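Undergrad: What follows is each chain in one-letter form.
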Amino acid sequence: MGAKLETKEKEKKWEPKILAFLCRWCSYAGADLTGSSRTSYPPNVRILRVPCSGRVNPLFILKTLRSGMDGVLVSGCHPGDCHYTAGNYNARRKFAILARLLEYVGIDPRRVQFSWISASEGDKFAKVVSKVVADVQALGPNELFRLPQGGQTAKGAASAHE
Amino acid sequence: MARIGVFVCHCGTNIAGTVDVKYVAEEMSKEKGVIISRDYKYMCSDPGQNIIKEYIRLYKLDRVVVASCSPLLHERTFQNTVKEEGLNPYLMEMANIREQCSWVHKDRAEATLKAIELIKMSVAKVRMNEPLFPKRIPLERKALVIGGGISGMQAALDIAMVGHPVILVERAPSIGGRMAQFDKTFPTLDCAACILTPKMVDVRSNPNIRILTYSEVESVEGYVGNFEVKIRKKARSVDMSKCTGCGECMQKCPSRVDSEFDLGLGKRKAIYIPFPQAVPNVPVIDRAHCRFFTQGKCKVCQKVCPAEAINYEQTDEIITEKVGAIVAATGFDLSDPNDYSEYGGGRYKDVINGLQFERMINASGPTEGHLKRPSDGKEPKTIVFIQCVGSRDENLGRPYCSKMCCMYTAKHAILTKEHIPDAQVYVFYIDIRAAGKNYEEFVRRAIEQYGANYLRGRVSRIFEKNGKLIVRGADTLLRSQVEIEADMVVLATALVARSDAIKVAQMLGIPYDQNRFFTEMHPKLAPVENVTAGIYLTGACQAPKDIPDSVASASGASVKVCVLFANEELISDPMTAQINPALCSLCKTCVDLCPFSAIVEEEVKRPDGQTQRQMRVIDGVCHGCGACVASCRPGAITLKGYTDQQIFSEIESLASNF
Ligand code: SF4
Ligand code: SF4
Numbered sequence: 368m369g370a371k372l373e374t375k376e377k378e379k380k381w382e383p384k385i386l387a388f389l390c391r392w393c394s395y396a397g398a399d400l401t402g403s404s405r406t407s408y409p410p411n412v413r414i415l416r417v418p419c420s421g422r423v424n425p426l427f428i429l430k431t432l433r434s435g436m437d438g439v440l441v442s443g444c445h446p447g448d449c450h451y452t453a454g455n456y457n458a459r460r461k462f463a464i465l466a467r468l469l470e471y472v473g474i475d476p477r478r479v480q481f482s483w484i485s486a487s488e489g490d491k492f493a494k495v496v497s498k499v500v501a502d503v504q505a506l507g508p509n510e511l512f513r514l515p516q517g518g519q520t521a522k523g524a525a526s527a528h529e
Numbered sequence: 048m049a050r051i052g053v054f055v056c057h058c059g060t061n062i063a064g065t066v067d068v069k070y071v072a073e074e075m076s077k078e079k080g081v082i083i084s085r086d087y088k089y090m091c092s093d094p095g096q097n098i099i100k101e102y103i104r105l106y107k108l109d110r111v112v113v114a115s116c117s118p119l120l121h122e123r124t125f126q127n128t129v130k131e132e133g134l135n136p137y138l139m140e141m142a143n144i145r146e147q148c149s150w151v152h153k154d155r156a157e158a159t160l161k162a163i164e165l166i167k168m169s170v171a172k173v174r175m176n177e178p179l180f181p182k183r184i185p186l187e188r189k190a191l192v193i194g195g196g197i198s199g200m201q202a203a204l205d206i207a208m209v210g211h212p213v214i215l216v217e218r219a220p221s222i223g224g225r226m227a228q229f230d231k232t233f234p235t236l237d238c239a240a241c242i243l244t245p246k247m248v249d250v251r252s253n254p255n256i257r258i259l260t261y262s263e264v265e266s267v268e269g270y271v272g273n274f275e276v277k278i279r280k281k282a283r284s285v286d287m288s289k290c291t292g293c294g295e296c297m298q299k300c301p302s303r304v305d306s307e308f309d310l311g312l313g314k315r316k317a318i319y320i321p322f323p324q325a326v327p328n329v330p331v332i333d334r335a336h337c338r339f340f341t342q343g344k345c346k347v348c349q350k351v352c353p354a355e356a357i358n359y360e361q362t363d364e365i366i367t368e369k370v371g372a373i374v375a376a377t378g379f380d381l382s383d384p385n386d387y388s389e390y391g392g393g394r395y396k397d398v399i400n401g402l403q404f405e406r407m408i409n410a411s412g413p414t415e416g417h418l419k420r421p422s423d424g425k426e427p428k429t430i431v432f433i434q435c436v437g438s439r440d441e442n443l444g445r446p447y448c449s450k451m452c453c454m455y456t457a458k459h460a461i462l463t464k465e466h467i468p469d470a471q472v473y474v475f476y477i478d479i480r481a482a483g484k485n486y487e488e489f490v491r492r493a494i495e496q497y498g499a500n501y502l503r504g505r506v507s508r509i510f511e512k513n514g515k516l517i518v519r520g521a522d523t524l525l526r527s528q529v530e531i532e533a534d535m536v537v538l539a540t541a542l543v544a545r546s547d548a549i550k551v552a553q554m555l556g557i558p559y560d561q562n563r564f565f566t567e568m569h570p571k572l573a574p575v576e577n578v579t580a581g582i583y584l585t586g587a588c589q590a591p592k593d594i595p596d597s598v599a600s601a602s603g604a605s606v607k608v609c610v611l612f613a614n615e616e617l618i619s620d621p622m623t624a625q626i627n628p629a630l631c632s633l634c635k636t637c638v639d640l641c642p643f644s645a646i647v648e649e650e651v652k653r654p655d656g657q658t659q660r661q662m663r664v665i666d667g668v669c670h671g672c673g674a675c676v677a678s679c680r681p682g683a684i685t686l687k688g689y690t691d692q693q694i695f696s697e698i699e700s701l702a703s704n705f
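Chains as they are written, first to last, in the numbering used here: chain A, 368 to 529; chain B, 48 to 705.
Chain A with its partners taken away, still in its complex shape (with noise of 0.2 Å):
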């Protein structure tokens, strides 16, 4: 299998990269769901917990896509329906900003998303990836913003380069 794999990795051209912190009690249970109902998407999406859209610090955006990610999605709650009554507003609110920021400094703000998705809305969770996914791929890779190749961090972006 381990050859196989090693090929497989090989013949990859460049896909995006994204990570997605997921608000643990709509989003993440969202994507829970996407799987029980098996249904897929894209495979270049990693999901990391957060217990509330609020808990992301837009510093974890920057240092996502410093070492070499090309995309984010933070996802949490619907309006109102934030376990702990408004974390997702603030996320908004920070991202927000953090939008104006990126785009200030040169780097396309759809490379960092925002959504909603609930715990029963596993269909639209594979659509959002879809869509971030396919909005991230037409932008082509960050290479504004990751460390420089070669560096450890970005050794992912590097090979995918090629």
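These aren't lab readings, by the way, just hints derived from the structure by calculation. Errors might be hidden in some of the hints.
Unchecked claim - Within a straight-line C-alpha distance of at most 30 Å, the following computed DSS-like cross-link-like pairs (lysine-lysine) qualify:
| hint | chain 1 | residue 1 | chain 2 | residue 2 |
| --- | --- | --- | --- | --- |
| 1 | B | LYS189 | A | LYS430 |
| 2 | B | LYS484 | B | LYS450 |
| 3 | B | LYS88 | B | LYS130 |
| 4 | B | LYS77 | A | LYS430 |
| 5 | B | LYS512 | B | LYS396 |
| 6 | B | LYS231 | B | LYS425 |
| 7 | A | LYS491 | B | LYS550 |
| 8 | B | LYS464 | B | LYS450 |
| 9 | A | LYS491 | B | LYS153 |
| 10 | B | LYS231 | A | LYS494 |
| 11 | B | LYS635 | A | LYS430 |
| 12 | B | LYS277 | B | LYS289 |
| 13 | A | LYS494 | B | LYS153 |
| 14 | A | LYS380 | B | LYS79 |
| 15 | A | LYS380 | B | LYS153 |
| 16 | B | LYS88 | B | LYS189 |
| 17 | A | LYS380 | B | LYS77 |
| 18 | B | LYS100 | B | LYS189 |
| 19 | A | LYS430 | B | LYS687 |
| 20 | B | LYS153 | A | LYS498 |
| 21 | B | LYS314 | B | LYS182 |
| 22 | A | LYS491 | B | LYS182 |
| 23 | A | LYS494 | B | LYS571 |
| 24 | A | LYS380 | B | LYS425 |
As the list claims (entries may be wrong) - If you anchor each label on the Cβ, the simulated ranges turn out as follows:
| hint | chain 1 | residue 1 | chain 2 | residue 2 | range |
| --- | --- | --- | --- | --- | --- |
| 25 | A | ALA505 | B | GLU511 | 51 to 61 Å |
| 26 | B | SER92 | A | ASP490 | 41 to 51 Å |
| 27 | A | ASP490 | B | GLY343 | 49 to 59 Å |
| 28 | B | GLU364 | A | TYR456 | 26 to 36 Å |
| 29 | B | GLY311 | A | TYR456 | 33 to 43 Å |
| 30 | B | LYS635 | A | TYR456 | 46 to 56 Å |
| 31 | B | ASP560 | A | TYR456 | 16 to 26 Å |
| 32 | A | ASP490 | B | GLU307 | 57 to 67 Å |
| 33 | A | ASP490 | B | ARG123 | 25 to 35 Å |
| 34 | B | PHE510 | A | TYR456 | 47 to 57 Å |
Unchecked claim - Take a look, some chain A residues computed to stay more than 10 Å from chain B by CB distance:
| hint | residue |
| --- | --- |
| 35 | LEU386 |
| 36 | ARG422 |
| 37 | GLN480 |
| 38 | PRO508 |
All values derive from a computational prediction rather than experimental measurement. Even glycine gets a Cβ: it sits at the ideal position worked out from N, Cα and C.
Add chain B with the ligands to chain A, keeping to what the hints say.
TA: Below, chain B with the ligands alone, put in the same frame as chain A:
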């Protein structure tokens, strides 16, 4: 140096079918800090858990990663596993390689690589984990039940019978709920009142139950074991301690209005009890229709009341109570007949819904049990019942089955024939869903014994012609059009969530689905629990449920409440925020952000004797959302279990492997 063990689960073929678990386990054993890595068919099973324990012992593991299903399913399971072996449960992390990997990808190589990355992420995180210690918090052994229908009453009774005090809040003037409106119940044709009203009396006479009717829960604060609820007791305008329930006032009241209880088929007075067996048997004044309140004079009720119980000055009262658990039993609504323009959209008087039929056929209802056309009071000879009105209808955004309609329509068909033996009964249906004990037999009885004509197909239109209702539809079995000249049509309208379901859900922290029904913690294994600890669900607020299901779920919910109350103390979630005063600049941004007011400012004595102001998170109050952490500019706050370091190492791991 950490000593990590990685345990990769096959989940039968759920994971192993798509992910090469052996290869994954092999690869993981090469990861830094991983002492041992192995796979097994079912990690959550007893032998699976024993493997984990044995390896912890054998290899002196101090951290564990289980790569299997979603942590939402089994985090608790594996935390307990490692705990049994003496490891702090927060030194276990899960990698979700089922819901997030094997179930959503088909390509074996791709899924295998992804699984490895996901596990590496968890390994990176677990390395940074620290032991966490939950605190013990006291709990209030008193329950609040919201909704006084059959579900709420059953829950209140069960909890009270164990000996715990219960507050039962009902917004109508009487408990009883929907079931009080029914005539007979399927499939036994028991009289609903005969089985319901004794239960209402039980509730009233149970010393542990405090009934608050004509009341609504206004706010809920706090957390499991320690909720603080505010209940608005609406002004009844009648002094409950004086009223003897003689009913003089209701007889003399000059103001007549449509009765909600009879769904507009009958009248009530402005001072009223909704139905004769109401509990409590104390009327309320409907101020919107009372002559004194609207026109300034009347006071007839006050004059006639022998007990001097009428009090026009009464105001709403806010009651504050501390409770440890809350049961939501808020029930359902019926969909609006105006939705169905093809059936007259509420314009034809003789097109009624199933609940109106119940009132009409009920001996204590507005027509004293006689079926009468609302338009002219004549006895209908041809009655058409239409099932699935508004249910299973994608166009209306209501794809679900309302579950009860097949059964109550069969019941209505039987009752019609019993009242008017020469009546012609037609039932339009799409499918008959009679999956329940003695349900199928009941429907067969309606057809075979009572001669109800069941027609498979939809009704496309109803229109009025010469005082009759022309029902036009299709019989899909005969593949022909049918037209029936009916005297009355009964629509089995969909059961829907309460119009204010979302408001209640948000107040209690209950998730809800696209149909606004409340979502249980797990559809199969935790059907009465909720993600919000201490909140339980029962009855039709979750989905359409009939009486047996509602009663069963109510008893289920009350057992869960009693299980909670059986604890000496509760164990709090240790994943709370913590402020490092050395870094804090006292800006207090966090204070305003914290939704639970968990952050306080205090004076502390320094070693040099000086006092100093300092911010502190109250452990029992913090819910661990992390809002403060993400907004603290000097980085003085950490969230245990989700520290910046943990999240950064996950990001870094991912960046170097993805
Ligand atoms: S936000 Fe941070 S710095 Fe400001 S008061 Fe709270 S803990 Fe202190
Ligand atoms: S983590 Fe959330 S609940 Fe806890 S103190 Fe911070 S803002 Fe308040």
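Undergrad: Give a verdict on every hint.
TA: Structure-based check of each hint:
{"no.": "1", "hint": "LYS189(B) <-> LYS430(A)", "result": "violated (48 Å)"}
{"no.": "2", "hint": "LYS484(B) <-> LYS450(B)", "result": "holds (14 Å)"}
{"no.": "3", "hint": "LYS88(B) <-> LYS130(B)", "result": "holds (22 Å)"}
{"no.": "4", "hint": "LYS77(B) <-> LYS430(A)", "result": "holds (27 Å)"}
{"no.": "5", "hint": "LYS512(B) <-> LYS396(B)", "result": "holds (13 Å)"}
{"no.": "6", "hint": "LYS231(B) <-> LYS425(B)", "result": "holds (23 Å)"}
{"no.": "7", "hint": "LYS491(A) <-> LYS550(B)", "result": "holds (23 Å)"}
{"no.": "8", "hint": "LYS464(B) <-> LYS450(B)", "result": "holds (23 Å)"}
{"no.": "9", "hint": "LYS491(A) <-> LYS153(B)", "result": "holds (20 Å)"}
{"no.": "10", "hint": "LYS231(B) <-> LYS494(A)", "result": "violated (47 Å)"}
{"no.": "11", "hint": "LYS635(B) <-> LYS430(A)", "result": "holds (26 Å)"}
{"no.": "12", "hint": "LYS277(B) <-> LYS289(B)", "result": "holds (25 Å)"}
{"no.": "13", "hint": "LYS494(A) <-> LYS153(B)", "result": "holds (18 Å)"}
{"no.": "14", "hint": "LYS380(A) <-> LYS79(B)", "result": "holds (29 Å)"}
{"no.": "15", "hint": "LYS380(A) <-> LYS153(B)", "result": "holds (19 Å)"}
{"no.": "16", "hint": "LYS88(B) <-> LYS189(B)", "result": "violated (44 Å)"}
{"no.": "17", "hint": "LYS380(A) <-> LYS77(B)", "result": "holds (27 Å)"}
{"no.": "18", "hint": "LYS100(B) <-> LYS189(B)", "result": "violated (39 Å)"}
{"no.": "19", "hint": "LYS430(A) <-> LYS687(B)", "result": "holds (20 Å)"}
{"no.": "20", "hint": "LYS153(B) <-> LYS498(A)", "result": "holds (20 Å)"}
{"no.": "21", "hint": "LYS314(B) <-> LYS182(B)", "result": "violated (57 Å)"}
{"no.": "22", "hint": "LYS491(A) <-> LYS182(B)", "result": "violated (38 Å)"}
{"no.": "23", "hint": "LYS494(A) <-> LYS571(B)", "result": "holds (27 Å)"}
{"no.": "24", "hint": "LYS380(A) <-> LYS425(B)", "result": "violated (78 Å)"}
{"no.": "25", "hint": "ALA505(A) <-> GLU511(B): 51 to 61 Å", "result": "holds (58 Å)"}
{"no.": "26", "hint": "SER92(B) <-> ASP490(A): 41 to 51 Å", "result": "violated (32 Å)"}
{"no.": "27", "hint": "ASP490(A) <-> GLY343(B): 49 to 59 Å", "result": "holds (58 Å)"}
{"no.": "28", "hint": "GLU364(B) <-> TYR456(A): 26 to 36 Å", "result": "holds (33 Å)"}
{"no.": "29", "hint": "GLY311(B) <-> TYR456(A): 33 to 43 Å", "result": "holds (42 Å)"}
{"no.": "30", "hint": "LYS635(B) <-> TYR456(A): 46 to 56 Å", "result": "violated (19 Å)"}
{"no.": "31", "hint": "ASP560(B) <-> TYR456(A): 16 to 26 Å", "result": "holds (22 Å)"}
{"no.": "32", "hint": "ASP490(A) <-> GLU307(B): 57 to 67 Å", "result": "violated (38 Å)"}
{"no.": "33", "hint": "ASP490(A) <-> ARG123(B): 25 to 35 Å", "result": "holds (28 Å)"}
{"no.": "34", "hint": "PHE510(B) <-> TYR456(A): 47 to 57 Å", "result": "holds (50 Å)"}
{"no.": "35", "hint": "LEU386", "result": "violated (6 Å)"}
{"no.": "36", "hint": "ARG422", "result": "violated (3 Å)"}
{"no.": "37", "hint": "GLN480", "result": "holds (17 Å)"}
{"no.": "38", "hint": "PRO508", "result": "holds (13 Å)"}
Violated hints, listed in ascending order, are 1, 10, 16, 18, 21, 22, 24, 26, 30, 32, 35 and 36; each of the other numbered hints is respected by the structure.
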